[in-house]
Each structure stands twice: as C-alpha cells, then as structure tokens.
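Asks: Sequence lines, in order, name chains A and B.
Using this note's numbering, the first residue of the first sequence is number 1, and each one after it goes up by one.
Using this note's numbering, the first residue of the second sequence is number 1, and each one after it goes up by one.
Mixed in with the good hints, there may be bad ones.
With a straight-line cut-off of 25 Å between C-alpha atoms, the simulated DSS-like cross-links for lysine-lysine are [said to hold, decoys possible]:
hint	chain 1	residue 1	chain 2	residue 2
1	A	Lys27	A	Lys43
2	B	Lys166	A	Lys37
3	A	Lys27	B	Lys2
4	A	Lys25	B	Lys2
5	B	Lys2	B	Lys166
6	B	Lys66	A	Lys25
7	A	Lys37	A	Lys25
8	A	Lys25	A	Lys43
9	A	Lys27	A	Lys37
10	A	Lys27	B	Lys66
Since the hints were derived computationally from the structure, they do not count as laboratory data.
None of the values given here were measured: they were computed from a predicted structure.
Here are the chains, one letter per residue:
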Amino acid sequence: MHDLTQDALAHELGVTRQTILAIEKGKYDPSLDLAFKIARYFKVSIEDVFTFEEIQ
Amino acid sequence: MKQNTFYILAGIIGLIEVGAFWLSVRYMIPYLITVVFIVGVVLLYLAWRRISDRQVDERVVLINQKAGMATFMVFWVIFFAISLGSAVIGLGAPPLPHFPRPPADISGGINKSLKPFGDGPGILNESIKPPDDGLIRLGHFGYLQLALLFLMFFLYVGFRIYYARKYGEWENDEEQD
C-alpha cells in the first residue's frame, strides 16, 4: 500500500529493522512513543495500528 | 568511528587485558590488572560514544536491561551463598593474627637453639615454625573468584541470547528472501 520496506520505515522512525520486524511478528510491544510515531507516520490513529489484548 | 572499527578496538584492548593479566600473575602485581582493566573499560566507553553508525533503539535497550537484571539476580544469589561459606571459614579462624611467641624457657638468657659449636644438635627454637599453608589456601580463593567472573560473563551472554530470541532478534524475514 505504501510501497515501503522495513528498512526504510525503521530509518524514518529511528529504530532498527529488527525492531520493525519484531513488532510485525508480535514479538515486541513498542513503547507508547514509538507506537505514536508509527501511527503518525501512516497518518492513522493508534488504534488502527495496534489493538490492546488483555493478558489473562 | 564505525561500529566495526569499535569491535576491532575492543578486540585489541581485550588482548592487552589478557597480556596484563598474565604479567600480573607472572610478577605477582595484582594492582596491574586492576588498573589496566579499569582503564580499558573507560577507553571502550569513550570509543563506544564515538560510534557514528551505532544502532541502539528501545528494543535493544530493553534486551540489555532484562539480561543485565537477570544476570544480577542470579549472580547475587550465588555470590551471597559463596560469601556465606567464606564467612563461616572466616569466623571459624582465630580472631586476630598472632605472632610467634618466644620460647618458654629463657632462664639462661641465652637462646639455646643458637648453638653453632658443640657436640649435639641444638634445641629447636619453637618460635621458628615452617610457614603456615594458610597463605597458600588464601591464594586458592583466587580460583573461586575467577570462576565467579566466568559465571558472571556466561550468565550475561546466556540471558542476552535468551531475551534476544524472546524479542525476535533472529526471526525469519520475508523481505530478505
């Protein structure tokens, strides 16, 4: 949709590509700061990118 | 400074540390390795700050924090247990160091053990004793500390790998296929 590589997104957000990959795979929950940066980069709300799942 | 240059520098400093450790043991200068190690760490820190292409983000910081904290907790328990054992040895030893006492029989005013001339062997001076092996056994304590150092290192490496895997360090990536 955005024709964007993980590497380019990581560079834009100031993180490593492994971090973007880990977020995509659900291995790492980003900080609130990074979550907002991602949402703002794609010009969507944070709920459109991330959903909160309560751990039982 | 590039990240790879830093790794080369770290390797060189590591070799110097090993050399300093060998010299310390060879010439029995414990302060040498202590000073060289601290200087080496300071140099590495200064070099690390000058890395231009350093890639440290919040996930890497989290992995380092978790690994460091887990290492600290496990190491603290082991160190405490070993220190308790050392305390038992210390409390079981004589409270203060004592010096050899003069022989009980000094009525003649002459130390009879000093008998360079005469027909029989002199009376052994009880104040002269062979060196106690306590110092040697104290030296063996260094092996225990060496083992603790290795334990600390391997604990950190192990936890670092564990948390790196947990937070997706080596996940398969379709973009690289």
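Asks: Going through the earlier hints one by one, which of them does the structure break, listed in rising order?
Replies: Structure breaks hints 3, 4 and 5.
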